[in-house]
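Engineer: Residue strings, one per chain:
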Amino acid sequence: MADAHGTVAEHAEHSPHLRHHFDDMAQQFDSATLGMWVFLLTEIMFFGGMFGAYTVYRGMYPEAFASTSQFMNPFYGALNTAVLIVSSLTMALAVRASRLGEQKMLQLFLILTMIFGLAFLVIKGFEYHEHWVDMKVPIIGGHWNYSEFPQFARQAQIMFCFYFFMTGFHALHMVVRLGLMTTIFVMAKRGTFSSSYFTPVEISGLYWHFVDIVWIFLFPLLYLIGRTKKLI
Amino acid sequence: MSTVLQDPRAVETPNYLNQEYGWKSWLFTKDHKRIAVLYIISITAMFFIGGIFASLIRVELLTPQGDLVNSDTYNKFFTMHGIVMVFFFLIPSIPATLGNFFVPMMIGAKDLAFPRINLLSWYIYIAGAAFALAAVVLGGVDTGWTFYTPFSSTYSNTFVITAAVGVFIAGFSSILTGLNFIVTVHKMRAPGMTWGRLPLFVWANYATSLIQVLGTPVVAITLALVGLERAFHIGIFDPAIGGDPILFQHMFWFYSHPAVYIMILPGMGVISELVTCYSRKGIFGYPFVAGSSLGIAIIGFLVWGHHMFVTGMSMYASLYFSLLSFLVAVPSAIKVFNWTATMFRGSISFDTPMLYAFGFIGLFTIGGLTGLFLATLGVDVHVTDTYFVVAHFHYVMVGGMVLAYLGGMHYWWPKISGRLYPEGWAKFACLLVFAGFNLTFFPQFILGYLGQPRRYHAYAPEFQVLNVMSTAGASILGLGYIIPLIYFLWSMKYGPKAGNNPWRATGLEWQTSSPPPTFNFEKTPIVTEEAYSYHTQNQKETHGG
Amino acid sequence: MHEIPSVRTYVTIWAILTVMTFVTYYVAQVELGAWNIVVALLIAFFKMMLVILFFMNVKAESPLTKLFAGAGFFWMILLLGQFFIDYVSRGWMPEGKLW
Amino acid sequence: MQLPLFPEAASAIASSVDYLYFYLTAVTIVMTALIFAVVFFFALKYRRRSEHEIPPPIHGSLKLEIAWSVLPFLVMLTFFWWGAQIFFANASPPPDAMDIYAVGKQWMWKIQYPEGQREINELHVPVNRPIKVTLASEDVIHSFFIPAFRVKHDVVPGRYDIMWFTPTKPGRYHLFCAEYCGTEHSGMVGWVTVMTENDYENWLAGGGSEGTMAQQGERLFGQLGCATCHQLDQQGRGPILRGVYGSRVQLQNGQAVLADDAFIRESILNPNAKVLAGYKADVMPTFQGQITEEQLLQLIVYVKSLAIQGAPPVSEQSGAAATPNQTPTTGEKK
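Residue numbers (the numbering used here), protein chains in the order written: chain A, 7 to 238; chain B, 141 to 685; chain C, 295 to 393; chain D, 46 to 379.
Where hints are given, some of them may not hold.
Said to hold, decoys possible - Computed beta-carbon distance windows for the label pairs:
#, chain 1, residue 1, chain 2, residue 2, range
1, B, Leu434, A, Gly197, 42 to 52 Å
2, C, Phe368, D, Arg94, 17 to 27 Å
3, B, Leu167, A, Gly131, 19 to 29 Å
4, B, Thr334, C, Leu326, 22 to 32 Å
5, D, Arg94, B, Leu625, 26 to 36 Å
6, C, Phe367, D, Arg94, 49 to 59 Å
I should point out that these hints are in silico values taken from the structure, not numbers from a laboratory. Quick reminder that beta carbons are idealized off the backbone N, C-alpha and C, glycines included.
Please build the complete structure, drawing on both the sequences and the hints.
Structural biologist: Quick look at the structure:
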């Protein structure tokens with residue numbers, strides 16, 4: 007059934023990376039890729055649940071949600087989006103390098119990708135700190151004050167809760183994927199990969215891009231709502 | 141049958157059981173068959189733990205007054221019964237055991253696509269179960285298995301977070317099993333094993349896996365929100381701060397309704413195998429039976445609102461969910477009709493697995509048709525949240541799913557263990573289960589229409605007779621479950637050797653030795669025929685084995 | 295294996311994505327009423343498609359991968375859509391009979 | 046020893062639900078019997094007589110598949126249609142329905158009558174009159190369930206739910222809480238007593254020393270200091286409440302909303318949520334957590350009575366328009 011995929015199958019007849027239960031490298035590569043996509047399906051629904059609940063409340067309390075935009079820093083949000091997009095580019099280039107078997111380039115791009123990933127987390131940390139100073143953290147001991155718009159105080163609390171939940175969950179994914187990249191980097195350093203074996207780079211790359219896509223949606227949904235609204 | 145009685149101490153051919161010995165060889169195994177056995181042991185333990193809670197519930201309900209235990213304890217009993225049975229028995233039951241063992245074999249693969257992830261999913265399951273059981277030991281949970289807010293998030297004083305963490309973790313086990321199956325079915329099929337030749341058990345498990353992968357994350361996130369709400373009192377589901385408790389129900393049932401299809405679909409797959417094997421005939425309408433599994437998996441996501449007709453959900457949403465709930469009944473009906481038609485002009489034997497299949501068809505028909513009452517708007521208002529729902533659910537889950545599981549265990553036991561179970565005892569136990577089950581749950585339909593609400597510790601005195609009948613049935617049912625446990629254990633040492641194909645079945649799993657070797661097949665099989673080609677097999681063979 | 299996209303393709307996509315980020319940032323400051331959110335989501339969707347098709351190279355992948363990539367978003371829409379069947383019509387009350 | 050097999054039918058809709066139930070049961074029995082009969086027949090007729098039998102291969106029949114998919118679905122559509130009829134016909138109470146207020150609280154039902162009577166776990170209603178019960182919850186989700194009337198509705202905290210029924214037979218019937226609500230869930234039961242019109246009048250006359258619900262609400266209105274700002278006949282710091290109930294009121298943000306139970310409820314508990322045009326936010330304190338659901342209902346009935354003294358309220362003109370079967374939030378949607 008596994009129709010021999012040109013290059014991979016030819017070069018990998020006796021690859022040490024072929025696991026015993028697969029027929030050939032092409033089958034193994036296809037399985038790993040499909041497995042990652044199915045996992046991403048799960049991840050989509052994971053975030054989908056959060057997006058769903060968020061959307062319901064946003065529909066219920068449009069003005070309260072709009073009022074929270076006063077306390078978001080869209081500059082940080084946009085900057086972080088840009089940082090992630092650069093990291094996506096370097097990740098894509100890393101995968102490309104691994105396919106071509108350019109090991110030095112692969113390592114370089116992996117390092118760059120991780121640096122941008124870390125930069126995102128650092129910026130996010132500054133942002134969280136700002137919210138803390140602003141008293142806009144309804145969780146963890148209730149560091150919370152919304153006297154600017156008392157009429158929205160309760161509902162804005164829900165919005166901020168979703169904000170921390172969604173960005174926190176996203177940040178958790180950032181940490182996971184940085185760990186993943188570290189592993190890949192160590193493997194690359196040890197010379198595990200070649201132009202005929204790059205499956206782990208490829209599927210970690212898919213995961214990296216997915217986490218960026220989540221942010222692409224979080225940015226407008228959390229930072230850019232009601233920026234034009236005049237609030238009473 | 142070519143069952144040869146041998147001295148059990150005789151030298152056995154190498155197989156997955158005797159390849160290696162010692163606890164390490166089990167706990168670190170990557171063999172899907174050994175992992176399936178690990179799952180069988182763990183879900184059996186969870187089944188009996190859940191069963192103990194069920195018995196305590198039934199004993200308490202012998203009298204209308206709550207006199208055996210106090211209300212809090214009773215509430216914990218039914219909650220733990222629900223959580224253990226739903227999340228730790230029913231959901232993993234067939235996919236993680238029989239599916240794990242036989243899906244790779246039936247498609248002619250050496251293993252699942254990701255053996256290490258398969259083992260990981262078992263450890264995750266154990267971790268989830270440990271949390272759930274920790275919640276029991278620490279003092280229990282009393283929210284009901286549905287964790288409805290704001291009771292679970294604000295008012296309950298029990299170990300809600302511990303139990304929710306357990307369910308959350310177990311969800312990942314379920315997701316990973318589903319992921320593994322999807323990739324395996326797509327990428328690991330033997331040469332010639334086209335989609336049109338897949339055994340129906342594989343189709344059913346594939347459809348189940350789709351639900352697991354798509355639905356489970358949503359309930360995980362929902363329970364995470366409940367935990368967050370409970371820890372920090374933010375207001376996501378708290379009406380006092382503007383939250384909507386109904387939203388929790390939407391999110392919960394988005395998973396938990398399709399979850400009942402996670403439970404029943406693999407059971408339907410087992411029945412398709414049993415009916416064909418013991419009728420010695422190909423399935424009637426293969427594309428329809430296979431397609432209806434996918435149909436159920438997809439439409440199953442569109443019907444969850446029928447749990448919420450009286451919650452104050454929009455009436456028009458109720459209308460929508462009601463209509464689609466009837467639609468999902470169609471593929472289920474197709475399956476029942478096709479199984480029945482398969483028997484037409486067959487050669488039907490009455491081995492124990494077939495008796496379970498008969499039981500399944502009957503009880504699932506009743507369970508399915510009573511589900512229509514609950515999809516009908518006007519009637520649901522009266523019967524929802526009563527014992528009618530309890531009876532319906534158990535007819536599908538216990539009458540349907542557990543019977544299919546037991547049927548499948550009997551059918552494949554010779555392959556798993558290499559031994560035959562004692563046929564007489566097995567038939568007796570099957571009859572006990574069938575009779576005990578009906579006596580337990582049929583009166584609950586009547587109780588439900590009379591209006592006895594579910595989850596009641598004490599009830600109105602006029603309901604007592606029916607409740608006593610139900611409890612009496614439960615004790616017969618309990619006995620019916622213990623007997624197979626005993627004779628399965630017995631047969632592992634003393635059962636007669638089964639031979640490779642005691643039922644003369646057609647699937648690839650029967651064409652290798654019993655128990656199978658570690659990599660399932662001596663050499664990769666090549667498939668040249670449709671599934672269930674009993675006709676050609678009958679002509680070719682003289683004697684089975 | 296499928297062909298490997300050139301560095302130039304990747305950089306072009308990156309440039310478009312960055313420009314779109316600025317566009318979405320500035321469009322959000324312009325009063326468009328209900329269209330603000332629509333535009334923001336359309337841009338996000340466009341960016342997502344670029345990442346999926348080019349960075350994740352789904353463009354060159356098998357139909358199966360495309361199917362699975364699409365299924366996730368379809369199911370998410372299903373989830374949201376059915377929430378809204380309830381929430382949009384929550385206040386509506388029928389008068390007497392339906393038909 | 047009692048062995049009831051069928052519940053009493055004591056409301057106007059009970060028999061219509063029962064007929065549908067009988068229809069469903071009949072179809073269930075016929076279908077189950079059919080499947081059982083065919084399975085048994087095949088099992089016996091085609092039982093294995095020899096190990097060497099060769100059954101003929103039968104692959105299926107498209108016609109049969111279509112028939113047994115479409116026909117059952119058509120039958121099911123009749124269930125759907127009939128069930129939806131009943132459901133929708135009983136959605137909105139008739140305009141002349143008698144009001145009763147029920148509050149669910151762990152673990153009891155507190156019933157209030159506009160005439161001032163208050164009861165716990167007892168509901169007295171006259172026969173042959175439509176009764177509208179406004180349901181509120183003090184804590185978790187409960188469910189108001191009267192099996193003999195075939196009615197049930199969840200009581201969700203933070204909003205008002207309504208249900209209605211017309212009792213047709215004097216007697217005493219079970220009242221249950223059907224949604225699991227904690228420790229004494231099964232103790233949250235009571236009795237519904239259906240009385241003849243005369244008995245009911247006598248019963249009403251027997252209790253209610255605290256005055257009508259509106260009077261109780263008026264007292265609260267004074268005690269809580271509402272009257273300081275909301276004066277009846279001249280402009281205070283807050284809006285005049287006479288004639289407000291059932292009318293459309295103009296909000297600060299330009300929207301107009303219907304002043305119904307849900308609106309009044311929200312205005313008391315979260316006054317800043319919807320501020321009337323011409324008034325300032327943050328003037329009125331919140332009463333969240335300071336008054337019980339019962340007191341809240343008394344205040345609402347009082348505000349409602351202010352409307353009835355003036356113009357006939359909108360709610361009485363079109364029964365459906367003012368039903369408070371909404372979350373307190375939906376009103377905010379555009």
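Engineer: I want to verify a distance hint. Is the separation of the beta carbons of phenylalanine 367(C) and arginine 94(D) within 49 to 59 Å?
Structural biologist: holds (57 Å)
Engineer: The hint says 19 to 29 Å between leucine 167(B) and glycine 131(A); measuring C-beta to C-beta, is that right?
Structural biologist: With a Cβ separation near 40 Å, leucine 167(B) and glycine 131(A) fall outside 19 to 29 Å, so the hint is violated.
Engineer: With respect to the beta-carbon atoms only, verify the hint that arginine 94(D) and leucine 625(B) lie 26 to 36 Å apart.
Structural biologist: holds (34 Å)
Engineer: Using the C-beta atoms of threonine 334(B) and leucine 326(C), is the stated range 22 to 32 Å upheld?
Structural biologist: Roughly 52 Å apart at Cβ, these two residues miss the hinted range, so it is violated.
Engineer: That 42 to 52 Å hint for leucine 434(B) and glycine 197(A) (C-beta), does it hold up?
Structural biologist: holds (45 Å)
Engineer: Is 17 to 27 Å a correct range for the gap between the Cβ atoms of phenylalanine 368(C) and arginine 94(D)?
Structural biologist: Given about 52 Å between the Cβ atoms, the range is violated.
The structure fails to meet hints 2, 3, 4 from the earlier list, while all remaining hints are met.
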